[in-house]
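Q: With the hints as constraints, model all of the structure from the sequences given.
Here is what each chain is made of, one letter per residue.
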Amino acid sequence: MSWITDLFDPKQREWEDFYRNRWSYDKIIRSTHGVNCTGGCSWNIYVKNGIVTWEMQALDYPIIDKDIPPYEPRGCQRGISYSWYIYSPIRVKYPYVRGALIDLWREAKVKFPDDPVAAWNSIVSDPASRTRFHQARGKGGFRRFSWDEALEILAAANIHTVMKHGPDRLIGFSPIPAMSMVSYAAGARFMQLMGGVALSFYDWYCDLPPASPEIWGEQTDVAESADWFHSNFIAVVGSNVLMTRTPDAHFLVEARHRGAKVVVFSPDFAMVSKVSDEWVPIHQGQDAAFWMSVGHTILRENYVERHVPSFVDYQKQFTDGPILVELRKQADGTFAASQYLRASRIAETKDTANSDWKFLMLDAQGRLCLPQGTMGHRWQEKKGQWNLKLEDERDGSAIDPLLMLDAEKDESITVMLPEFTAEGGDAWVKTSVPARKVKTVDGDTYVTTAFELLIARYGVVRKSTQSNPYDDPERAYTPAWQEKFTGVSGDVALRFAREWALTAEKSGGKCSVIIGAGANHWYHNNLIYRSIISSLMLVGAVGKNGAGLNHYVGQEKLVPQTSWAPIAFGTDWSAPPRLQNTPSFHYVNSDQWRYDRKFEEICPVADRKHSMAHGHTIDRQIQAVRAGWLPSYPQFTESSLNVAKEIRAEGATDEQSMIAKVVERLKQRKLKFAVEDPDSPSSFPRVFYIWRGNALMSSAKGHEYFLKHYLGTHTNLIAKEQAKELVEEVTWHDKIETGKLDLIVDLNYRMDTSALYSDIVLPAATYYEKNDLNSTDMHSFIHPLQAAVPACWESKSDWDIFREVARVTSKLAERYLPNPVEDIVTAPLAHDTPAEIAQPSVKDWSKGECDAIPGKTMPVIKVVKRDYKNVFNRFISLGPNFRNGLGMHGLQFDVADHYDAYMENNPTEKWGGGEYPSLREDLLVCEAILHFAPETNGELAYRAYKAEAIKTGVDHTHAAEKTRSVRITFDDIAAQPRRILTTPFWTGVTSDNRTYSAYCQNVEGLIPWRTLSGRQHYYLDHESYIAYGEHLPTYKPRPAREILGDLEMSRPAGGTLVLNYLTPHGKWSIHSTYGDTLRMRTLSRGHDPIWINDKDALLLGIEDNDWVEIFNDHGVVCTCANVSARIPRGMCFIYHSPERTLGIPKSPERGNKRAGGHNSLTRARLKPLFMIGGYGQFTYAFNYWGPQGVNRDTFVAVKKLDKIVW
Amino acid sequence: MDVRAQVSMVFHLDKCIGCHTCSIACKNVWTDRPGAEYMWWNNVETKPGTGFPHRWEDQDRYQGGWKLRNGKKLELRSQSKLGGLLKLFYNPNQPGLEDYYEPWTYEYENLFDAPEGDDQPTARPISQITGEEMKIERGPNWDDDLSGSPKYAANDVNYDALSEEERQQLFEIQRVAFMYLPRICNHCANPSCVASCPSGALYKRGEDGIVLINQDKCRGWRACVSACPYKKIYYNWVTGKSEKCILCYPRLETGQAPACFHSCVGRIRYLGVLLYDADRITSAMSTADPLLVEAQRDIICDPNDENVIASAKANGISDEFLDAARKSPVYNYVVKWKLALPLHIEYRTMPMLFYVPPLLPVMGKDGDQPYDHAEDSFFSSLDKSRLTVQYMARLFSAGNESVVTASLRKLMAVRYYKRMQQVGDLQEDKVKRILREAGTTAEEAEEIYALTAVPTVHKRYVLPPLQREEAIGALCDVQDCKGSCGFSPKAGAK
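Each protein sequence line maps, in turn, to chains W and Z.
Here my numbering is used: the first residue of the first sequence is 1, the next is one more, and so on.
Here my numbering is used: the first residue of the second sequence is 10001, the next is one more, and so on.
Any given hint might turn out to be false.
[Stated by the list, open to error] Here are the simulated distance ranges between beta carbons: (1) K720(W) <-> P10115(Z): 30 to 38 Å; (2) P62(W) <-> D10323(Z): 23 to 31 Å; (3) A649(W) <-> D10113(Z): 50 to 58 Å; (4) G10220(Z) <-> S88(W): 28 to 36 Å; (5) D10058(Z) <-> Q976(W): 25 to 33 Å; (6) K27(W) <-> D10383(Z): 24 to 32 Å; (7) S88(W) <-> L10291(Z): 47 to 55 Å; (8) G10035(Z) <-> I1043(W): 51 to 59 Å; (9) D10113(Z) <-> K645(W): 41 to 49 Å; (10) I63(W) <-> R10468(Z): 29 to 37 Å; (11) K1095(W) <-> D10160(Z): 17 to 25 Å; (12) I63(W) <-> D10319(Z): 25 to 33 Å; (13) P10115(Z) <-> K27(W): 36 to 44 Å.
Hints are computed from structural coordinates only; laboratory data are not their basis.
Where a beta carbon is used, it is the ideal one built from N, C-alpha and C, also for glycine.
A: As structure tokens, then:
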């Protein structure tokens, strides 16, 4: 080439230093992002001249195995833009307070110069001043003020609330701890040491899949993303892996290059469809119909027409398939499926321990066998029988149970099964089921196996003489039938099911499902999930590498939970903590129940007569609280401290007599639960602490209800109250006080919507300015957050902020609450305790149906001592209860020697005559967590397995033997991410170069699932499940638009279109974080658009990027349209979750008030079925069980917005 | 023979997840400063789409790259008969702000400072150029994931030949699809930007082929902005000079992959040395469109060939560099396996960045019937792929469909082979036939799999050692330089 000469001469290239000088830095620090994301990505933070300049991914994850792709790099477009925040104009650099409030405070301080508590009381007790600052909320007028003044107000409000209303009016909300667990623990610990309330998140976000506790008794347990690589067939359902699991997506793609087939189910052409072999544009929320037909096909072709031995063996040992179910004769001579056949029903077995909670199987010889591993075995005195060996508990003889009866030889009886797709209500399907007669203590009864009922439920015919059509659209659960719900041809379902089953048969079950919000955010999400999980169980694809249900939405895994939880919830000092399920809390306290009708309108059931299967959700909520199924704080309509004081005054001398008096008062209705009268000011929550989260916007389903009922400020809500005539249990007030909260405090590094609407905003350190720990279930490593620079401007770490709040509050308590006081604490019946076998049937003591017995028929009641002047001392000290042993899931191990040794070698705190390991700084908390967690301390893992062996009678110590000497410290993880150890607190295996996959320990170590039967459940025999017709997997249609009633007051006129409104996780934010950074807004469209189909847009005269107004009775959003053929007709997206702070115009539809955010269009709808408790896996645990805040069953009207008003 | 060495690149589009992390890694390090706001040295486009800047592939409008005069002689498309000099002052072929976008920010401060009012304050968007309030009408990634598909995807330059009806059909929900196209400077071997610069500010680095704009020499004429058919050169409106991707040479020189490679979360990127015969560039880039891909491949040299090694050494290429060339993952993808193809080779700049085309899901049935898909193969079928081979060929082979088909067929064959091995539900003779028809073997399939699915960072990026001491030594005593490093650029000058 003559004219292009390569240039070598350095003299002509001296200028190149221009760019070399930019690529230079002083320091690299490893940290990550404590945002609500399960990525858990290790990052290098670059510091130059004392400021953070940029971040790049750390590439040094240890290699798990050379034959699988490494984890590097982890980190996405959002994470890599984080450094923008630190010095940005949206950074909260100083404490801020609403002008209206600080003026009132300073006036009050003049009036009460020496009495801050009286000063605070004067503001919040006076309706005029209360209204003054409530109405100013969210409307500007912020002022900078000092830390000292901020802390004084907080301390005054804390003490005032404790003294006047009781400590359980202090409410704290912070989402998912795993990504910055010490920062979470800061506020949670302070709340519990005060007697306040920690709100849950996983259920509220609707990320908790209730099907997981239903089937596995487990909150959620999933594979790390590297395990996808072992899968040979991956179905992706309602999970946009490329968008939401960005750093993990490569494993999906790489699995495909290893020969895995990938089928994506998504109504829109979601990003993940791009890497699929087949994209199935299934109608939104209708996945259960498709998967029921998959189950139909699998059952017919692998169990009825042909036997696949490996499948059958799996069912016998690891599912409840062989357990017998009683068939109850009905008036018309047909039968209904009832409860499991219990050992207590048969003469030979009725005298065994816990015989109501043990179940029977039949073997080939027709003998009734009593298998081990059930809830009964778990909680009996004799240990060592809680395992999945197929052995009879009576003599240890091997059981080879019948999975199915003989369709030709056994007697066939007619069983009626409920069906929910018929127009105008319920229908019943008559099914012929092979059954046997057995003799019970009450006479003969028919029984069959749970598996036979499953086959019947799926509409598969057992008798070879009868036809078994695939192509009958009227026959429920056939491939042809599902077409009308899914829009997907029956051939697709048939082919899918066949390839699925064959892959599993050939590969030993290596089929997996990646699933997420697109499936879980629907009212009947449990049914969608159960239909899918059943399709996995049927082919033996649970509990193996490359297999399983991999649910990825909000499921962050806090690995070192055993050592973290006592610190976070203050149980190192006192228990029980007050842990509240948020869906119930907000449904009740933000008064969304007042706008709700009876739930059975949107939830068809099989038996309306059952007490849990009809009525208004608020009444079922009250029933659940009375029965001890769900927690409920604020607890009583009066202060729990006052109750204790009064009872003492009445002469109660010890805890037992105090509890008895509380029960007496409750029974006589002298004392009421606050939930029974939530609109009485005596029941209000009062002080709301928000940290690490966006409680008032992205986490506020029914945001406009929050504005009205919690904040007492402006709202765009126009929905009508309709509960008055429909409720029975709750106290109704025609006129109620709005603006329930005295004070809202937000710890934040950015001015998000929650900050904008709070009374006080405290500057929090960013993720690059503090020390913390991060773990996830997307990978099996633990790594740190570290301060690359000191906390900027006047910001402080969350730990330091709450420690300071504790310090100033304790100081004030010396004057107002100098002596320890007693607090009556109620708590629900808890999962993994003997309360799992508390309530064989649904009974209400308040109606005289049973005795009121704490911990059995009603909540647990305890007396807890509060020591307010020592809250600070306790906060910074690892308390004595910690030394008594750690554990979870009902499994304990000793740590006393480690506690003592730890104290020798680490800083301590000495006060009140005691000495404790210090938790004064975040780094010390990190060290304590790492030191005492079995996942990072090999000796403790070994001990935990020793303890587990006593319960199961199986030796598991081999799992921990090789790593017994491992001790992981903070310095270790600062150097390189470290892999967590295998422990009995999680179900997968990380040793031997294996990737973590859920339930491998159950299958390999024969450890029972924590369910009623100890097995994976197809059948749910709780009487409420039978009443709801959900005892077997089934399909219930999506609630229709008319029934949901989102648009009753809005009345969309001409030029509008009504669309199903979805808020999937987006590309340019993690929830609301990053969505306000200039980087993400530049790469998207500068606003948070509504995505609509091009033909729908055409109908409305809307062109791409036109302004539109989206509204319903709950509120309104104004944004621009993103018109795309990628979106199907009849639905729209606003990606979760925009702030209402950036570029939001006013809404003509709602009187030219500022339009809201995505949650302005939603409200909470609870499914009362998930409220039940005290029964096997249906027993409460925090973020584990309970109704969720579903949000996809929502409709909105959309119209063009011609004139923009700012 | 005139053997040159170049640090070259492969982007495996089947692995691209469209996350744009690469774009931000680049922006954070290089273009996060006044005058560079709108520059995206690395960007990711959704295809079909019009890209950034708007319809950059439309060379009728932008006049980038080379053309063949009389079907024979290469000349710059942007060079009119009037000659280059006159056009310095008036260049209608350059994209304007409306083709890029007006960079904006928000009145964030208003959220802190707004006085108490009767409604909630908001932070309105304002221009970063004028400071005025504005409506945002375009951004650097405006048509991401088929955003505004009727305006953008439907006007993809590569669809220009389609009828309105055909275009309509493409955007029915059961047929719709997209892929991602990450783009950086191609560091071409026949760079039209270098050829166009009136100041001689652009050059190709001798040791690694990186194309740079000397910031001391650039006079801001912007001829390169027009001449680059990929629109990867941007004019900095504050400094008055043009800037472009530098392939992170400060990182390469210190043994680190470029920032966009380092941060590639899809693990789609490969970097390695290619040797090519500079004597044959003109003739290769002067062949007819359908032969261009093959012509380019043909002048990439076999690093194991004795003659090549001798010529390379004669040109001063070190043993270590040659060793890197022999380990180059890029060579495997481009030459050995023929999987990776250049983007728009018809621009004739001989881009040194290559793309493995993506496999895409199969098509659904048309009409109002329930969705149903093709059933003729276990994995997706090329014939029924949602983005057609024809379309891919417009992007990656100057219209030559057989080149694209060969690549896709081989990719698919590897998957069949691995499936047979892992699961055993496919018949062995059928899989053998698939391998044969794709022109590959079990052995090669294993190699492709190893580099595609499980490579570590060290396998993906095989960086040549870029020795600095001699270059520094030409300017100052290296020992002095060590002592004065960071004090001032001239502190150790001779």
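Q: Next, verify each hint and record whether it holds.
A: So, going through the hints one by one against the coordinates:
The hinted window of 30 to 38 Å between K720(W) and P10115(Z) holds, with their beta carbons roughly 35 Å apart. A beta carbon spacing of about 28 Å between P62(W) and D10323(Z) agrees with the range 23 to 31 Å that was offered as a hint. Between A649(W) and D10113(Z) the Cβ separation comes to about 54 Å, which falls inside the hinted range of 50 to 58 Å. Between G10220(Z) and S88(W) the beta carbon distance is about 31 Å. The supplied range of 28 to 36 Å therefore holds.
Range check, D10058(Z) to Q976(W): about 49 Å between beta-carbon atoms, so the 25 to 33 Å window is missed. Checked against the hint of 24 to 32 Å, the C-beta distance between K27(W) and D10383(Z) comes to roughly 56 Å, which is inconsistent with it. The hint said 47 to 55 Å for the Cβ distance between S88(W) and L10291(Z), and at roughly 52 Å that hint holds. Hint check: G10035(Z) to I1043(W), Cβ distance near 57 Å, so the stated range 51 to 59 Å holds.
Range check, D10113(Z) to K645(W): Cβ separation about 48 Å, and the 41 to 49 Å hint holds. In this structure the supplied range 29 to 37 Å holds for I63(W) paired with R10468(Z), their Cβ-Cβ distance being about 31 Å. Checked against the hint of 17 to 25 Å, the C-beta distance between K1095(W) and D10160(Z) comes to roughly 24 Å, which is consistent with it. For the pair I63(W) and D10319(Z), the beta carbons lie near 30 Å from each other, so the given range of 25 to 33 Å is met.
Distance hint check for P10115(Z) and K27(W): the Cβ-Cβ separation is about 42 Å, which falls inside the suggested range of 36 to 44 Å.
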